[in-house]
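A.B. asks: Below are the chains, spelled out letter by letter.
Number of protein chains: 2
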Amino acid sequence: MKSLTLDRRLLPFAPLLYVAWADGELEPGEVRLLREQLLEAGLAAEVAAPWLDPDDPPGSEDLLALLSWIRDHAEALDARERRSLAELGFALAAGAGHETDAAARGAVERLAVALELHQGESMEAVLARERPLAELPEIEPRFQVAALAELLDGDAREMRLRVRALLASGLFEPAIGLSTNEYRARVLEWCRALAEEGLGALAMPTAFGGRDDPAAFVAAFETLAMFDVSLLVKFGVQFGLWGGSVQQLGTEKHHQRWLEDIGTLDLPGCFAMTETGHGSNVDDIETVGVYDPDAGEFEIHTPSARARKDYIGNAARDGRMATVFAQLETLGERHGVHAFVVPIRGDDGEPLPGVAIEDCGEKLGLNGIDNGRLVFDRVRIPRDHLLDRFASVDADGTYRSSIASPAKRFFTMLGTLVGGRIAIGGAAVTAAEVALAIAVRYGARRRQFGPPGAPERVLLDYPVHRRRLLPRLATTYAFGFALHDLQRRYVDESVDRRRVEASAAGLKALATWHATDVIQECREACGGQGYLAENRFAALKADTDVFTTFEGDNTVLLQLVAKDLLTGFRREFGDMGAWGLARFLVDRARAAVVERNPVAIRRTDEEHLRDPAFQRDLFDARRDDLLFSLARRVKARVDRGMNGFDALVACQEHALAAARAHILAEVFEAMHSGEGDAPGSSVAEALERLRSLFALSTLERERAWYLEHGYLDARKTKAIRDQVDDLCEELRPDAVPLVDAFEIPETCLAPIAL
Amino acid sequence: MKSLTLDRRLLPFAPLLYVAWADGELEPGEVRLLREQLLEAGLAAEVAAPWLDPDDPPGSEDLLALLSWIRDHAEALDARERRSLAELGFALAAGAGHETDAAARGAVERLAVALELHQGESMEAVLARERPLAELPEIEPRFQVAALAELLDGDAREMRLRVRALLASGLFEPAIGLSTNEYRARVLEWCRALAEEGLGALAMPTAFGGRDDPAAFVAAFETLAMFDVSLLVKFGVQFGLWGGSVQQLGTEKHHQRWLEDIGTLDLPGCFAMTETGHGSNVDDIETVGVYDPDAGEFEIHTPSARARKDYIGNAARDGRMATVFAQLETLGERHGVHAFVVPIRGDDGEPLPGVAIEDCGEKLGLNGIDNGRLVFDRVRIPRDHLLDRFASVDADGTYRSSIASPAKRFFTMLGTLVGGRIAIGGAAVTAAEVALAIAVRYGARRRQFGPPGAPERVLLDYPVHRRRLLPRLATTYAFGFALHDLQRRYVDESVDRRRVEASAAGLKALATWHATDVIQECREACGGQGYLAENRFAALKADTDVFTTFEGDNTVLLQLVAKDLLTGFRREFGDMGAWGLARFLVDRARAAVVERNPVAIRRTDEEHLRDPAFQRDLFDARRDDLLFSLARRVKARVDRGMNGFDALVACQEHALAAARAHILAEVFEAMHSGEGDAPGSSVAEALERLRSLFALSTLERERAWYLEHGYLDARKTKAIRDQVDDLCEELRPDAVPLVDAFEIPETCLAPIAL
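Protein sequence lines correspond, in order, to chains S and F.
Take the first sequence: its letter number 110 is residue 94 in our numbering, and every next letter is one higher.
Take the second sequence: its letter number 288 is residue 272 in our numbering, and every next letter is one higher.
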């Protein structure tokens, strides 16, 4: 032992000496400092020497003994005396009867600063006291949660409340650990319970037990996503796709025959469009429906392995009939894809003759759905099983249609099914809300790390944790408003269908990708807890994962949006040779951002950055600029003789970016308009912050584009980043109330969120 | 019927007229055009009139009849005559005995262009022929796949080949649809089979049945990730964590007693560090191990619900003993966290007295692992069950350690377990390789959409599909090289441990996030097929999802890296007051990119952008710049009196960015150096392209930062984007050979990939 305690003049230095030597090897410069200050304090060289030899440093036994001694004696001291290693040294010396003189005091303090040991935390590490516990801070909501909830639910609040109440009723308990068979049976039971409540028939005509209320149907569907997504999809397949296809593509006779039984789930059925060889490009499916005028029947046939109907929900176990999409052929001529109703199972539940059914087996998620494969071997159905709203075949085989173009006819048929995309977009937002509700509540309670000697800090008090959750929360609000706005436009027949279809395609794509991202981030933000099935991310992640693929693959959907934008652009500018005008409009939009107000470009203050007009200008400018340049690039290629398909493929990424920008501008409008509907100033304030956080975090993510195109400069993008940080901090106290406003029943939440 | 066929002079216009009216409502401008050109062709007004009245357009019956007529007559024509709607019109007229004169010919052609109907695809839409099928193109590999595979496997090729052969041997069949109990039993069986092959003991001393070869152990582990990740984790828990803790934290007596039985799996055990209340901040765990000198025993106790050991692999079903981490207390003094070996189950498999074991239940993935919770009620163990390599307690209770600082001691203990992080990083890369192998092979076969009349196009021939997969493939290669390089440094004892630990932490974080991203993108890129369990993404996604959390939460790990970088920075510049020097170095780095060669900044040519020196300069500049500014910002806060913890929290995002940039620069070096080891010019060429694609796609993703900080201008970032596109196209023919080089056994692939 280097017997430090024997010389009282060393005591003021003792804590510093312990830490300096125990924590690491001292650099030569640090040893020099140490020597200077010990001598400065008037210590004799032989007293100081044992602490100054890097080649023979104090041993760990000495240091441990010193540490024990310090801790023993520190216990009796008061808090002020334990504020720092220096103070502790003075107090320990005093306790041993040695008053530290001014010179020694100065030396100790200089040394503490030079070794970066002057902070309280160095002190705490020596004392190694147990970390104090602390209660969670009480945070009073700054706005009326119920008022916000009402605004979010919108017109369909009554239906949403009813579904929430059902989900909380005890019948719907999360299914964890069931076998696939048990799970499928459970989902069918649940679905029956919903049908008994009349939810399945909501969109159907009142004549067949329905309520003729598609908005209520979509709202019910969307709310079910709080619970089990297999149930949601079963519900959607039976009532939305199977029922919807009979209702939308069929005529009165079909409605009379089948609709009521579909709505009660007495007639479970399928929507058989996808084939093994064709999922996205359904125009090219290969199943055929050939009309035989002698028998007055269609023959439905699967001509190849690629033409097998695949992934068909309700097919493997429960479905009795199916809407089958096939190439209609009559009198030797093909007329494109049409929909036929084909019975697939008898009353005994066995496949009917000519129908082969296979189970798709285990899937990544949605294992409560009995997806199956259907193969038809020249199955005959009566002529009137053709769903003939848009096209019919006379008894003699004459083909009739009110739409002469096969392509247009097919898109019209698909267009009637747009409700599915709107519903999936809404369900994705609901799933994101559930994930956020769990992660935000957990993040507001879980403590982790903290300064030495202080209570551990709550996760949401870390900037990075807020950054992970709060911009995503804001964006989820924005998508929620956008989807509800789209639902309103969907049921309002005065709104242009083409625009509704484009919005539905684009919002479905962006909302489902957003949900995938949010759920993943929330899972990770809950650490290991997020990985336990009981905490719901397992099901949310797996079950919603396919949202980006079904009801239209997202990448394909964005291309549809882009094509639609190009068509619109051509209509507006193309045939008039008005490209100069388009260029002018884009330039004007740029000026609006960059030049209109010469001060605006340089302004980086909060008022400016949070101004919705500024934010809108940026969203709109990007939308217009990308569309214009896309149109220009596609046209240049077509003008050089490339076919339209190849020209668009060559600009594929640009097209996706333009579609994305277009939809984001729409989302911004919906969010901003939602804010305008706020029932009071406190709710409005919260929504304003969310709108700015959505807008600015989106602009931040896309800032490279704005920098490259001269809409923003680096000073401004940095100011935007700082605003995002500030908004995350400002919204911290609102975080829990904002997820409470989703009013998710406890049965749909997680143990870590309660 | 508007009886078009009756007037032969209309025939040359017939196909155009059909398409124009069938596809949509004509704009007034288009009708005007039509009128002008029909008159131009010399048609009488009454002949043209029925086709020019927007208020009484041709009916769908007329149009359908016209379409039938066109198709009937088009069948007999040769390909040249069906090149466009105009040519078709001329041929139809000629067939009806009417030769189109020059005036009419000109009118038809002008009309086709004006209506944008001059391309072949408009033609194909009318004929609606079935799409031709086409064979997949044969692509000859441009390099020796086997030679690249050998390079990738590196030093441990023999061990990797052995594990691959085992996985292909028939014993290891994918487990789909098993119950949790069956799955756990299966995983234990598999693990025993690996132990019988001697794989469990690879890293253990030869004296205890091992091969003293940690590199081989890590290689075996990493290769197992091709198959079932539950097996991988079981293997890791038993041999890496339980075995590794006894080997690394214990001494000879512990090795003698337990190592051999651990290596053979005769003694299944656990690694019990995590507690319900403390996962990342393990320094603050609450379980206590109190020494009782009278009995010569430690008492292991769980003082609170938070202190429950949680998520412990092997605990719920198989484990007999556990390395339990607890706060050591002796003679009334706490000495921080230490590791104790605690028996938890008797020979009968029942929990021992005082030990309560609970099953964690279903998880998002890894359900072949029996995670459990352990609660100790004053369980007594002999004094020599303390793993005492770094600290011991004498019989009388005297505490001894060669490391005086509790913090340093704890980090030293944790440091011995760094192999786990390296192994998980490697396993993440392997899992990403499996996902890419499946998605790339599928993308090279699956066809979807195409120009009308032409075969559908292969997915990988779409730019966006290549963009989804190929930069991720390149980055996976880069991470693969980086991890193998780290493995070499890990077993080379001459390399500074601190740097190995920092690299391990950072690479684990980035590689596991990368794997999560890759697997998700590959799943989506395979559409619905990707969602079927048999195609493996289900298991890959779910099982690897927790990689971002366990063995250190990624966010926490990056903060560790940042702290380590700050410590290094302070050592280099801090104590010498050398901030000016640091500033100088960063400025010099910027100059290297921006100014060194006045031409460089403006160069956007391929040679320059693909030059590794240029790429390195950018990676390094970002690394240095971010670290310098981080250090400056943290120091500014500390100088203002903030404690170190809060100062770092305030700069948390900046810290993460700096850590990320540091690791990415390391990954770039490893990739570049791997390229240098290529066994031949063709392999080297492929690796060069991959390196450039990794580098440039990374720079593209981070381009906002480079733009903001003046390292790149917009012209150059656009050139980088174009290079990424070009590289994706150039690498298209290599895509399949590049995933073949991973040599993944067919048993580990998917039906869609075979």
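Don't take every hint at face value.
Chain copies aren't distinguished; within one or between two, either way the pair holds.
What the hints assert, rightly or not - The calculated BS3-like cross-link candidates involving lysine-lysine, where the alpha carbons are at most 30 Å apart (straight line), are:
| no. | residue 1 | residue 2 |
| --- | --- | --- |
| 1 | Lys237 | Lys547 |
| 2 | Lys702 | Lys237 |
| 3 | Lys702 | Lys392 |
| 4 | Lys702 | Lys547 |
| 5 | Lys547 | Lys619 |
| 6 | Lys619 | Lys237 |
| 7 | Lys702 | Lys619 |
| 8 | Lys392 | Lys547 |
| 9 | Lys237 | Lys392 |
Keep in mind the hints are simulated off the structure, nothing from the lab.
A.B. asks: Which of the listed hints are broken here?
C.D. replies: 1, 2, 3 and 6
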